[in-house]
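Novice: Residue-level listing of the chains:
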Amino acid sequence: MTELVWITLALPIVGVVVLALLGMKLPARGAGWFASLIMLVAFGCAAIATILLASRPEEERQVVQVAWTWLSAGNFSVGLDLWFDELTAVMLLIITGVGFLIHVYSIGYMKDDPQSRRFMAYLNLFVFSMLLLVLSANLVLLLAGWGLVGLSSYLLIGFWHNKPKAIKAAKKAFIMNAIGDVGIAIGAFLLFVDLGTLTYSGIFAGAASLSETQASIACLLLLVGALAKSAQLPLHTWLPDAMEGPTPISALIHAATMVTAGVYLIARFNPLFHQAPKVLDLIVIIGVVGLLMAGLIALVQTDIKRIIAFSTMSQIAYMFVGVGLMSYWSGVFHLFTHAFFKALLFLGAGLVIHALHGEQDIRNMGGLRKQLPKVYFCMMIGALALSGIFPFSGGFSKDAILASALSVDTPIGWIAYIGGLAGALLTGIYTFRLMFMVFHRRMSPYAENVIPHSVKHHGEGPSTMLWPVYILSIGAAFAGLLQIPGVTHVFLSWLEPISPFGMVEPSAGQEWLTTLIGTVVGLTGIAIAYHLYARENTAPELIRNGNARLIHRALERRLYWDDLYEWTFERPLQWASSFLNRDVDSPAFRWAPLDGLGQLTAFFGRSFTVIENGIVRMYALVFALGIGAVILFLLVRG
Amino acid sequence: MGIVVFFLAAAAAIATAVAVVAQRNPFVSALALLGNLVSLAVLMLLLEAQFVAIAQIIVYAGAVMVMFLFVIAYVGPRGEVGPGERKPWQVWLAILAGTLIAIEVIVVTYGATFEDWAEIDGNYGSPAAIGQELVTNYLLAFEVVSVILFMGAVAGVIFGTGGRPRRLSNDEVLAKETESAELRRREASRAVLDATRESMGEGS
Amino acid sequence: MITVSWLIALPAIAAIVLLLLPLGQKIAGYLALLVSLAVAGAVIGFIYRYEPLGGLQFGDNIAWINPLGVRWHVALNGVSLAMVAVTALVTCCAIGYGMWARRERSHASFALLLLTEAFLIIVFTAQDLVVFYIGFEGMLIPLLVLLAAWGGKGRKAAMVQVIAYTAMGTLLMLLAIAWLGFTAPGGPNFDMVAAIGRGNDWVFAAFAFALAIKSPLFPFHGWVLPAYRESSAEVAAVLSGVASKAGGFAFLAILVPLFPEQSAKYAWVFITLGAIGFLYGAFLAFRQPDGRGVVAYSSIAQMSFIILGIFLLNDRGATGATFQMVNHALVSAALFLLAGWLETQAGSGSFKHLGGLARSRPVLATTALILGMAALAVPGSSVFASEFLILLGAYENYWWLGAIITLGIVLAAMYMLRWVSAVLHEREGDFVGTHNPPDLHRGALLCIVPLALCLLGLSIAPAQFTDRVNATTTAMINAAAKEAGR
Amino acid sequence: MGVSLNFFLGLSAILFSVGLVGVLLRRSPLTILLSLEIMLNSVNLTLVAFSREVGGSDGQVFALIVMGIAAAEVVVGLGLVVAMTRREMVLDTDELRTLNG
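Protein chains in written order, with this note's numbering: chain A, 1 to 638; chain B, 1 to 204; chain C, 1 to 486; chain D, 1 to 101.
Calculated directly from the structure, the hints in this document are not laboratory data.
Careful, some of the hints might be misleading.
To be verified - Okay, derived cross-link-like pairs now, DSSO-like style, lysine-lysine, Cα gap no bigger than 27 Å in a straight line:
1. C/Lys-352 x A/Lys-165
2. A/Lys-168 x C/Lys-265
3. A/Lys-163 x C/Lys-352
4. A/Lys-25 x A/Lys-374
5. A/Lys-111 x A/Lys-370
6. A/Lys-111 x A/Lys-25
7. A/Lys-168 x A/Lys-111
8. A/Lys-111 x A/Lys-374
Isolated chain A (complex conformation):
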């Protein structure tokens, strides 16, 4: 079984090497299919490994294996350790499964791009890094994976590197993630100082011995990493900008896998977080604020991908609420279903953009449901799942989180519950605003010009792009059935062993109640969206003319977070650097010592010109005085 996991991990890196070395020799399509094939095999291995894991008794499902020592110094050493348990298996299946579909989709999406081989290599690199992240059995290797996904994310966001905006977004993403890396690194240092080990087993075993303060600080630092990677408040500003990258990337990295790594991290370190209940509360609050804020901002965005990006942020905030409430299974469950429906929405959006020759502004769309019926149908499934409508997958998972909040029955729980429901309303509105503006209402002039021609030549898109969408639609529609309250509980029982302290499990009654309320709220949201957007683009006028103009403006500017960071960090940093360069380093360290030395020698030179003046008489005088002095000295000394 572990061999299969190793193969899963190794395959993508093999793909990277092969594509890097032979890339130019392979035809572009061949490279794409090769990379996809690797992913398919990796998915197969992961699936078989999961089945084998499931066939074991529950106590033996946690497998740790050490390959080799990676780094050592003194009594410190970390190995290339592999950790395979139920949570890892879920992540593995998502990464390789969704990854495979998106690889296939990319073949079609990138077929006209001369750099598609490089794209495929980067994709494989990303998958490798992500697998490393989830398979690692110690913090150092986790950090390595953590950084490498950040690197591949950087490479892929900035894939079209002659687009300055894309490069800027890529750098922003990388730097924000570097802040997160640093957070995890410091957390790791502290844990090592406290516990003397960085392996998961060591940390989990020693977690109980930590004081609450120690555990809280360590958890806070890990949380910084999680927030950065998962684009949660206050480190979320990179995610909307990351939409400058190719759409498959948005689907794979910025929806399905990488951004959920923060949720994975918290779920993985649940024994540690268990020692820090205050941090858990903080996570819930960050989640609630984040999901509301992202939902609000999503209401006014006009870029189709940015709307979905903010919805991603909002959905991950739900997951944070779930894990923050110690209902780890519901958080991971939402992660699982979210991977389907959000990837579906992104890929669908990609098809729309593809059909409109790269246009991303939803105001330039409209009425596309007749031209792109298949895409419309699939995206509708995704939208319903996202809005949490029963019986689509998102409904089950989101309601599982909210039901957990209900069952906790603490102030925090109630905040989460109310906030979550409010978020569900917003989700319904913004999701269907998108759907109505893109597929209903009257077609915009731009779309009228472009679409007939596009559909005539390409249909709704190449089959390599359509099939992954179909498959994801099935997942988005039915993945929730794994966990029907009171009927099936595959996910819960599968994930239960990962937390030694148990999890919050709502009763079936609470779940059904929440499902009912959630669906009603979601439908309300859809109704509002229908009222505002389904016929004409009336809402903007309504908002712009009303008193809500300022709020609208603020939401459009994403509540000024970017401006805040620009004025508090970016610019002061540049100023400081320029200042140091111009006014400190050059004068003080490069010239001052040299000048000082020059002044010193010049001073001595000038002092000696009184006697060293080139006049021979003067030399003779000094000479004579010297002789006199020497004799005097000898005389006096006797």
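With chain A fixed as given, assemble chains B, C and D onto it according to the hints.
Specialist: Just chains B, C and D now, with coordinates in the frame of chain A:
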């Protein structure tokens, strides 16, 4: 008798030496040096060093000083250099150095007790005795001196004849002319200055 | 049996031969390359035979200058071996690059590079203070000539600056060495072992001053920027890659073991300066107008960081510092060669004129990206491993210090990303359009790729390195660590 | 002979100093050369006096050699003076303050 001769000769030597140093006209200086050499020769005779005394007069007074006088005559009035821009502390330091060394040597020698003059025979200081030494014990030094003299002669010839004024370019001639004009102007003004100073000195 | 002396003699003799014979560009180049490869081969042999727990190995110890008690004592320990290996590799690449760049009077430039290598190996292997001093001071001569004869426009000013700085330091060090040697019990004795623990604060300060200038440690870094900017690329690579490591190496291998008491007493000074320098260099690198400036200031930052690691006086810090020296040598040498390549091919190293080079130049883009990512210590790279060790060491002693310097890592990410995108990405620079530089092709690629490959190899298994040097670094800091009470 | 050696040595010291002051104060090369002669001669006197004291002729031989060297020196010095004159240079040692290689 010896004491009288010594003091007379010593007084003459010191007086002529001071004259050499103090005289502005090099011609007078050279003549004073001649006197100095003669008085030293007298002192050497007092020390029974007949050959050295004679050599002193013949070689120095006869040959070297003649050469000096020739050169002084060749150079003419240019050989005369006024006090120039001399700073007083230079003068004082020079005198200090001179007196310091003199006093120190005197102190040293005064404190030392020497044995009496050695007993000597009539052969002492004779050309034969000196010649004997020169061609036996000091043959190498003797030969080295001759080589050095030869080299000095060659150097003198080269310096004296090789440095013929090179042909100057027009610019340089011009520069030189302005320079010498400047020099003349400076000398003239200095002369005026000296004259005024003198007349004022007389006047006061 | 090949000993270390051979490693020194071979390049030195070859240098003299090359200087004297008026060989053509090609023949001289191949000869120099062959010699440097032979040295590298011998080093690989040493690595293979090296016993991590065997103390000093492959050494020579013969009487040399008897009246002064100076002995020709050279030998390898783990740290020396690492530094000698890097020196050999970087020299190979530098000579290869010199061949590619077709320098004028190339036989002399190759000879001087080989001479530098010989002196550097002396520095890294010397076990006698006078021998060490000869190497430390001697390597400046060929480097200065290389800077003066093959440098850029401002080379004269740069040279004055280098001389002014380094001469000040080494003079003091000479006094310190003389003091140590002549006060040794039983007559003059310059052997390092005999000098352990005998120095006083002043001697320590004199030593530390010289090493701090060479490294360079903030605030003694004034000579670095002009020297790195004006040297030709291969000289800058040697200078920043290995010559500057002589300072860091001597901190770890000479200063700390020889002055355990003072090292423990004044560790805080170096840690403070190192922390300041790390952040300071990063801040300055952030706004440099050209690639060399960025690499120069990042070098300052890294060297400060390394010295900080050494003076943490624990296993993690010392091993991490050694590892970081090797990593940084590889990274900065490769980056300088790349910068030189850009200057010759694109006509400028300034960011104003570059940009958009990634387009249809996949090899260049990949190489630059790998190097850039290594330089910013992307987690998983070998630079990350070494920085992780140093930071871990820092946290063990002073957690607040670690927290401050961790900031530098974010800054490093920022300035290296700026470098990467300014060269490779964004709009095409005007010089890129006019010169239309080719992709990184065979000649220059062969000089840069070995360095990048070494980095990748070290990233996959850094323990292969740390296991070999661990015993040595532990022994070096042991006494000082005891003094510090750790 | 009633004069002791001390007197000769004292006289020679005085003469030496006078010559030295001349060398130090005068700027005309001719006068400097003349002052130098005084210094050399004062040393000659010392040599001869010591020679008489010990009764050997070594000192006198030295004095002769000094004379020879002095003659050579005068030749070179006067040659320089002549050369300067021929180049129409000012005969002032203070003006000769720059070396030209």
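Novice: All hints are to be evaluated individually against the structure, with a verdict given for each.
Specialist: Hint check:
For the hint linking C/Lys-352 to A/Lys-165, the alpha-carbon distance of about 18 Å falls within 27 Å, and the restraint holds. The suggested pairing of A/Lys-168 with C/Lys-265 is violated, with an alpha-carbon distance near 47 Å, which exceeds 27 Å. For the hint linking A/Lys-163 to C/Lys-352, the alpha-carbon distance of about 17 Å falls within 27 Å, and the restraint holds. Distance check on the hinted pair: A/Lys-25 and A/Lys-374 sit about 36 Å apart at the alpha-carbon level, beyond 27 Å; violated.
The straight-line distance between the Cα atoms of A/Lys-111 and A/Lys-370 is roughly 26 Å, inside the 27 Å bound, and the hint therefore holds. Taken as a hint, the A/Lys-111 and A/Lys-25 pair is honoured in the structure, with Cα atoms around 16 Å apart against an allowance of 27 Å. Between A/Lys-168 and A/Lys-111, the direct Cα distance comes to roughly 25 Å. Compliance with the 27 Å bound is thereby established for this hinted pair. In summary, the hint linking A/Lys-111 to A/Lys-374 is supported, as the alpha carbons are separated by about 21 Å, within the 27 Å threshold.
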